[in-house]
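Visitor: Chain residues, written in single-letter form:
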Amino acid sequence: MSTIGNRIQQEQEEKVESIDYKMVTFSLAGKEYGIDIMKVKEISKAKRFTYVPNAEPYVRGVYNLRGDIISMIDLRIMFNLPAQKRIDDTFEDMIILHLDEYLIGIIVDEIDKVVGINSENIQPPHPIFGDINIKFIKGVVENEGRLYLILDVEKILGDRTGEEEDRIRPRLVPAAAGPERKGPRKAEAGPSEIDYSFISESLQTFSSFYVSDINRKWFTGRFEDWKQQRGKSGEEVQLQEVEDAAQFLRPFYSAHTGTFWSDEYRERLKEVLASLQTGGNLLVWNPGCGEGYETYSLAATLKEIFPQPQCKIWAHDHDLLNISTAPNLIFNSNILPDSLLDFTVEGKNGLQFNKTIRDAVLFEYHNVLHANPFPEVDLIFARDILSFQTQQDQNKLVLEFNEKLKPGGLLFIGENEEIKHPDFENISSGRIRVYRKIER
Amino acid sequence: MRVEYINPFVEAAFNVLREVLSDEVKRGELFLKSTSQPVLGVAAIVGLTGDVEGRVLFDMKRETALAIASEMNGEEISEMNDLAKATISELANMITGQAVTKLHDLGFKFDLTPPAIITGDNMEVSNSGVEALIVPVELGKGKIEINVAVRERA
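In order, the protein sequences belong to chains A and B. For the first sequence, position 225 matches number 225 in this note's numbering, and the numbering has no gaps at all. For the second sequence, position 106 matches number 106 in this note's numbering, and the numbering has no gaps at all.
Calculated from the structure, these hints are not laboratory results. Warning: the hint list may mix true and false statements.
Said to hold, decoys possible - A few chain B residues that don't get close to chain A, going by computed Cβ distances all over 10 Å: (1) Asn7; (2) Ser34; (3) Thr113; (4) Val130; (5) Glu131; (6) Pro136; (7) Arg151.
Said to hold, decoys possible - Now the stretches of chain A that chain B is said to cover, found in silico as 3 or more residues with beta-carbon under 8 Å: (8) 261-271; (9) 356-367; (10) 418-431.
Virtual Cβ for every residue (Gly too), placed ideally from N, Cα, C.
With these hints in hand, go ahead and build the complete structure from the sequences.
Guide: What follows is the structure, encoded as structure tokens:
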């Protein structure tokens, strides 16, 4: 399995390393276009823009974005492309761009998604592209079988003077800061808000970490620390590569991620676990078990508290590389806390857990978002799993946890995560975040 | 899908295919799937019972199936006749048999059902409630997708 595992890792690394340019893609008159994500402040939907008299035909009006007044440019009219007949009062997709010191909005047919590419694959535009004047096209790139024209928004909408006479010069309204911002991120100023949304976006792309209510508290605090820390060292606040994202997320992970648990952590956990009522067998679900260090530590801890009942742990991970070594995990005694030594046996290649512990755990290559075919459990141990799912999947998973947990059962999530659900009572202790399912 | 089950299936598929075909055998990336997916045209299905319940499906295009049958029989076969079907079911039987033997050595007890062949266009297979492990195998003659859907007997 290790050779297969290595190859998977290599392939994944190659894939991740090669992405160094991201663009927001959208369609205009059935063709695909992209805009450098660093120029995009945000995307949204809006309708009914305030008409501005005497403006160029492609200026649809101005729009109030949480206090900022933004000119709205209709790219279809600007480029003489056929626009779909607009039904009044329908929302239109718009992209808010951040150019020099201006914000400007463009209206497009449909926003597609964020596409990551390697900038080396961007090819110069060919004169026959036609529909849009070639000097507005930065290049063309292929991704998953689709061709995207990358627009040079600075040339199209920018305010630099004296370049081309026939350049289209929309009238720009400076991005004015409103006196009182509404919405959740009220306290932040303009540029900081941009960094905030870009960092959260970069974390999605580089580390598939999704900022949501589950981890927003941590993210906001970390973002402030990060800004200060980066500001001091003079580095870019934004996350440029995978390594930056990993560094940003380093404090996120719960204690002893990817290692055996210390004696101290196990003692604290035992206090929480002691309140668990079990009748008969103890059933546990451990999604996202990784290489199994967590699962084995948990199995040993449970064995100490509940020596009698049969314990069964379903340990799942969708990373084949990590989980493939878990069932026969071999390790050195120097990484093992002394108290766990009693649960191990000396094997040919190093220490291994004994048969009682290993028989208690069932490692499965499994995606937790798929059907989970096992009975209701007493304990769910899911540290730092939720944050790495899309928001939709996060909600789905919380419901799944609720469904799979017996009343009175305990749900452990990451130290920097929180959930709000009427069926879960927060009984966190210290840094250990744990919820009890309310018995109804 | 229990981790211990994965390797025997992958290894058995490679050993057998390498043995019966004088052709390069390459592995694609393994992945999990729970939604229904199209069947390429010819599917051989082998059921599993014992410690687990489930089935293994070998899925390939008609042309791939014919090329494999021709090679294994040492004669040109140009239509999906009884011989071609028997050959493909035998291939499925050999691979699953070898995987189950390996699993037996590891202490897991499985039994097989006789293989069945299903052919036709526009077919789909769905794994209600069980996710399937997909092992894509690239041959010079085309692609075989081995779709393993098993679950522990509760």
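Visitor: Which numbered hints does this structure break?
Guide: Numbers 1, 2, 4, 5, 7, 8, 10 - these are the hints that the structure violates, sorted from lowest upward.
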